[in-house]
Amino acid sequence: MAAMIAGASPSLAQQTIRVGWTIPAEESKYWMMRRPAEFPDIGKTYKIEWTQFQGTAPMTQALAAGALDCATQAPLSLANGVVGGNLKAYIVAQHVFEKPGGFSVYWAVMDDSPIKAIADLKGKTVGISVIGGGTQGPFNLLLKQNGVDPAKDIKLVEVGFAVSEDALRQGRVDAVNMNQPFAARAEAKGGTRKLFSLSQAMPNIVHILEACRADFVDKNPEVVKAYVRDITSGMKKALANREETLKVVNEVLKAPIPVLDTYLLKDNDFGRDPGAAPNFPAIQKMLDIYADTGMLPKLDVAQFKHPTIVAPLQ
Amino acid sequence: MTRRAAPVLACVGLLAVWQIASLALESDSFPTALEAIRTIPDILGDKESLINILASLRRMTIGFGIAVLVSIPLGLSMGRSRAVAAFFNPLLMVVYPVPKAALMPIIMLWLGVGDITKTLVIFLGVSLPVIYHSFEGAKAVEEKMLWSGAAMGLSPLQRLVRIVLPAALPEILTGCRTGLVLALITMITSEMIARQSGAGNILFNALDMGQYDTVYAMIIIVGAMGICLDAAFERIRARLVRWSEPQFDMPLSFS
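These protein sequences, in sequence, are chains C and X. If you read the first sequence in numbering that gives the first Met the number 0, its first letter stands for residue 0, the second for the next number, and so on. If you read the second sequence in numbering that gives the first Met the number 0, its first letter stands for residue 0, the second for the next number, and so on.
Chain X with its partners taken away, still in its complex shape (with noise of 0.2 angstroms):
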């Protein structure tokens, strides 16, 4: 009861401060938690406002799911072979630093302003923290279990997806889960500077005109997304790799 409730608790927490400090502070860009939680139906239950959202979730759906599809194996080769590691490993940590959404103009550039930029954008957001996990994961693999498989007559291939990819899950997952809350940053940032829709629109576009009961309320619904998009992965992740948690259980989000 007590594991369950805590994460609520700490959300309550977290806007019983906000509401405290607005008030303290007095300042027409800073809103309480209730006005910016009154405003929140408004936006849901404007049919735009939810269909600028939906091309958000679109967009972070596509980005982050080509983004799993070609990080796990990269990742993998890379914690197998040490030849594809040192040709992937340095461009990696160049790309690794640099904020995604700086590359905004660079890629609009080249692919124009439309959903393609976007979804690339999101797409390296999400990759680097899924291959860097499925990496680490797949060199931890034990070298006896490889030559168990060896042995009993598996080709490269099959023993990098059926000893590698299950040893690795656990790891991979981690990385998808970081991936996750990367997608939905990327998602927003990358509708900072140019749009045709999404809920970055709604976002910058409130903060232009400065309606902040809007900007902060935008932020609550992302912040809501972010949860239950964890809570939901967090579920599937604890039922594929069960055999490989620890015994004690620490409430580290909503599911």
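Here chain C stands alone, though its shape is the one from the complex (with noise of 0.2 angstroms):
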């Protein structure tokens, strides 16, 4: 069917997608960059030129530049092309979510901290992952909800998830945001409790999604259905089959297979659509979060719905 579809459209047989990505949290394109024979219209109906970048926000820069089809995004970075550089896309899947009784990124404080609620951070050191990040409109919302002004009574500083708990230990911080994997490494080490979770801002967060340029999927529709087939293909591999999935994700972030099972894919872990089918009604109310804490302008995510390519795609 790919070689007839190759054959019938030589321009399609061409096509490359340039296609932006990064870590962690993208397991069915890890399965497509890793297990590329496991998806027959790779290679024959379209080709790959994987780019790894370093968080979203310079991938909204490079969709926006041109340099890159489709990129992972995260619904702030998306939305701020968009305002700021004239961005125009489409959400064509969704990678990784909060689902009710999974991960939600949480806040974390010794167990031996005087800090025992939201309002307790007043006058403290708050660390987080990025100033101005997706998270921090979820992280704003909650604080302003228990009196606490997030620009005026905290000190808020920009500490990575990577050395997140490093900072608690040591008392940089008196509560930081924690993510997988290092959460689960946190919890095991023990002498850290959960403060807070952006759940209780909103349950269904969407943390990564994938979008593409409108212009790119306008002039290229069959192209782009055929990756955002792949897309659903591969989430569903990766669901179904944990243990060579773990293969695959320790391929790709070199982490030890014995850590990754700590937590991925497990109740521990975010959630993922099994047809990686984007959930737009929680990326508005996303957006309308972002617009109430003053972060973006109000936005209307119908504006990232293409009729017909959307994930799941068969």
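In short, the hints are calculated from the structure, not lab data. Using N, Cα and C, we set each Cβ at its ideal position, and we do this for glycine too. One or more of the hints may lead you astray.
[Unchecked claim] Label pairs and their in silico Cβ distance ranges:
no., chain 1, residue 1, chain 2, residue 2, range
1, X, GLY113, C, LYS218, 17 to 27 angstroms
2, X, GLY113, C, ASN85, 15 to 25 angstroms
3, X, ALA15, C, ASN85, 49 to 59 angstroms
4, X, ARG57, C, ASN85, 30 to 40 angstroms
5, X, ALA23, C, LYS218, 29 to 39 angstroms
6, X, PRO72, C, PHE279, 56 to 66 angstroms
7, X, ALA23, C, ASN85, 22 to 32 angstroms
8, C, ARG192, X, ILE50, 35 to 45 angstroms
9, C, ALA150, X, VAL16, 34 to 44 angstroms
[Unchecked claim] If you want a taste of the chain C side facing chain X, the calculated C-beta under 7 angstroms gives, among others:
no., residue
10, ILE22
11, THR50
12, PRO57
13, ALA64
14, VAL162
15, ASP165
16, PHE181
17, PHE215
18, ASN219
19, LEU245
20, ASN249
Bring the two chains, given one by one in their own frames, into a single complex with the hints.
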């Protein structure tokens, strides 16, 4: 079938999608990168040129500049691209979100800390992975709801997830945000406790999704369809075969399998939609929170919806 | 014997200080020197890691090579022509203090995210010290030598190649040596934001995942690459400009 498509449309056969990716939590793309033989269209219907980025914000820049065709995005970075960079893009799939009962990014304090509630953060030094990043909207909202002004009442400092546990234990911060796999490691060691999590601001927070430039999608709909079909299929493979997914993720992240095994695709991990379907209502709610907290103007998620090209595609 | 042992002793001393500091601080993000050293065979024994490191070295070699080829003639011309110097000096002074890695996102917008962008960042990092040292070297050439050359019938280009270039060579090679170190630095920093392969790939992935033994092992590997490249270059430099060396010898490198 792929050969027939390729034969019928030479331009389609030659088409390369320039895709940006990052780590962690993009299992469907890791499968496509590391097990391309499992995806018959890759290399036949279309090719992928993978480029790894340090976070989603530079990928937004690259999308806006036309240096990438599709990339991993956080709702905030994508919206910033629209507002500040005139980016027009479609959300074609979703990677991870905070499923109820699953892992939610949380702020931790030391067990013996006098901070017992969000209101106790007044006057304290609080760590956040990226100031102005995707977690700050719900974080600001929770603080405001508890009588803490995030601009005046706390000293907010940027502490990357990888060093957050260390910063907390050494007393450089009074509270800090935790993400997997670092949260699992800190919990295993003990001595810290959860103060609050983002899920208290809203359920189903979407952390990362897949977006493609609108002009690229409009010009190459069949190629993008094939790409979204593979993301859908990659997500299914990732969820269906955890043992192999651990190996795939280990190859990409170079993190030891025993470390990944403590959380990956378990109850203490983020949620993944089996069809990689974007949760547009949840994304809209996040955009509303960013608008309410002054991080963005009001935006309608409908502008990111393509009528047909969106996961799940079979 | 003491002269040859000094650089080794300096490295051993540095590792000892690192080991003691790490044990004293007891921080997960600061592994001991021994832990980092123990990780090196894992990295160098992994085929994919070697491919990554070689990809970085390939870009570095191309960037360094093109920079040297462009910068030496430009620097020499600037040193011997006021008009050329007056034109290029202000441009170089503007570009010189800008951190080359900071140009990466801008260059990425023009040239995409591939090898050309990273090689260009390396080229920019290397070319400025080479131009500056070539310029200074050419400027210091005695006028009398050039007059003699002119009296013997040498054209301006012949004087540049046969008199200015050899006379400025010690200074040019000093610039190249600085450029070599900068090539290594920009090689890694050019892979910080966007990458398809490279030593920075290993380093920054490990940093994102909190695998600090790998991060520090990569720092040691990059440091060792710097020492080896510098030692090899210093040997070549010493052969080429033996005539200009002082009588006493100071152990500045492993060569």
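These are the hints, each one checked on the structure:
no.: 1; hint: GLY113/X / LYS218/C: 17 to 27 angstroms; result: 21 angstroms, holds
no.: 2; hint: GLY113/X / ASN85/C: 15 to 25 angstroms; result: 24 angstroms, holds
no.: 3; hint: ALA15/X / ASN85/C: 49 to 59 angstroms; result: 55 angstroms, holds
no.: 4; hint: ARG57/X / ASN85/C: 30 to 40 angstroms; result: 36 angstroms, holds
no.: 5; hint: ALA23/X / LYS218/C: 29 to 39 angstroms; result: 60 angstroms, violated
no.: 6; hint: PRO72/X / PHE279/C: 56 to 66 angstroms; result: 59 angstroms, holds
no.: 7; hint: ALA23/X / ASN85/C: 22 to 32 angstroms; result: 52 angstroms, violated
no.: 8; hint: ARG192/C / ILE50/X: 35 to 45 angstroms; result: 44 angstroms, holds
no.: 9; hint: ALA150/C / VAL16/X: 34 to 44 angstroms; result: 42 angstroms, holds
no.: 10; hint: ILE22; result: 6 angstroms, holds
no.: 11; hint: THR50; result: 5 angstroms, holds
no.: 12; hint: PRO57; result: 5 angstroms, holds
no.: 13; hint: ALA64; result: 4 angstroms, holds
no.: 14; hint: VAL162; result: 5 angstroms, holds
no.: 15; hint: ASP165; result: 5 angstroms, holds
no.: 16; hint: PHE181; result: 6 angstroms, holds
no.: 17; hint: PHE215; result: 14 angstroms, violated
no.: 18; hint: ASN219; result: 18 angstroms, violated
no.: 19; hint: LEU245; result: 15 angstroms, violated
no.: 20; hint: ASN249; result: 11 angstroms, violated
Hint compliance for this structure: hints 5, 7, 17, 18, 19, 20 are not met, and every other hint is.
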